[in-house]
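Colleague: Just need the whole structure built from these sequences, with the hints factored in.
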Amino acid sequence: MKKFLASAGAAAVSFVSSAVFAQQPEPWQTRFQPAATDIMRQTTWFEQYTLWFIVPITLLVLVLLAYCIWKFRESANPTPSRTSHNTLIEVIWTVGPVIILLFIAVPSFQLLTAQYTPPEDPALTLKATGNQWNWDYEYQIEEPLSFNSALLPDADRAAAGKEDRAAYPRLLAVDNEVVVPVNTTVRVLVTASDVMHAFAMPAFGIKTDAVPGRINEIWFKAEKEGLYYGQCSELCGKDHAFMPIAIRVVTDEQYNTWLTAAKADLAGANRALMAALDGANKVASAGN
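Counting in the numbering used here, the sequence shown runs from 309 upward without gaps.
Hints were generated in silico from the structure; no laboratory data involved.
Certain hints may be false.
Derived BS3-like pairs: lysine-lysine, alpha-carbon spacing no greater than 25 Å straight-line [what the hints assert, rightly or not]:
#	residue 1	residue 2
1	K546	K571
2	K435	K515
3	K435	K532
Modeller: Have a look at this one:
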């Protein structure tokens, strides 16, 4: 029994570590991914809040339909009622929805305002340009850093050191992840070079269209370190399903080290960052 409990505990620790390391879609997932930003946490709350209205209303309508079908069927009502007006009912079905909409509208507008109002000036600005079918990223800093990020082919996994499909899942893993520091407000300027794309990161609660000739602005402040995955969410051509987005959130020290090295050797900087993170994870696992 002790061995079983120990195994179960180890499995639970392993699962938690994996979930923190890489947020991604799960088989048969019906809920949102765990929130990594305050905006996504608010979005999750608002979805649960609206369900308290949606579910009772749906059940009420279903019950009323069933009752009408049974009560007013032809065999039970050979002579149908000619009632055409009922003041009380008309007041109820007019005032009731208005009150419900007010309860939904107020938190909805608050969330919408928060999505477009960063709590502070962004400390880092990224430009994301959608292409058929990959992403160009530019760090708009004193010495700009630019690179391309595309789907990682299975044949290149070993060379990239990304054979672990739990952390680097098929059709979501990329050759070069975006790296940002934790607890930092990041502005993302989104555009496209050819057709419409969409930049979406579910765990961050962000999504916006990438339109050629136009720049849309979004922001996020990731509160948890880890590797997060999103995808292009606009039908952009035959390889639309093969246009993932990967953002790695690390500590300030790890980010600064990576940024300095990436300006000279992006691939080497990525490998060094992965090695540092892998070493840190092993130390943390040993500590548990």
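Colleague: For every hint, state whether the structure bears it out.
Modeller: Here is how each hint holds up against the structure:
{"no.": "1", "hint": "K546 - K571", "in the structure": "33 Å, violated"}
{"no.": "2", "hint": "K435 - K515", "in the structure": "14 Å, holds"}
{"no.": "3", "hint": "K435 - K532", "in the structure": "22 Å, holds"}
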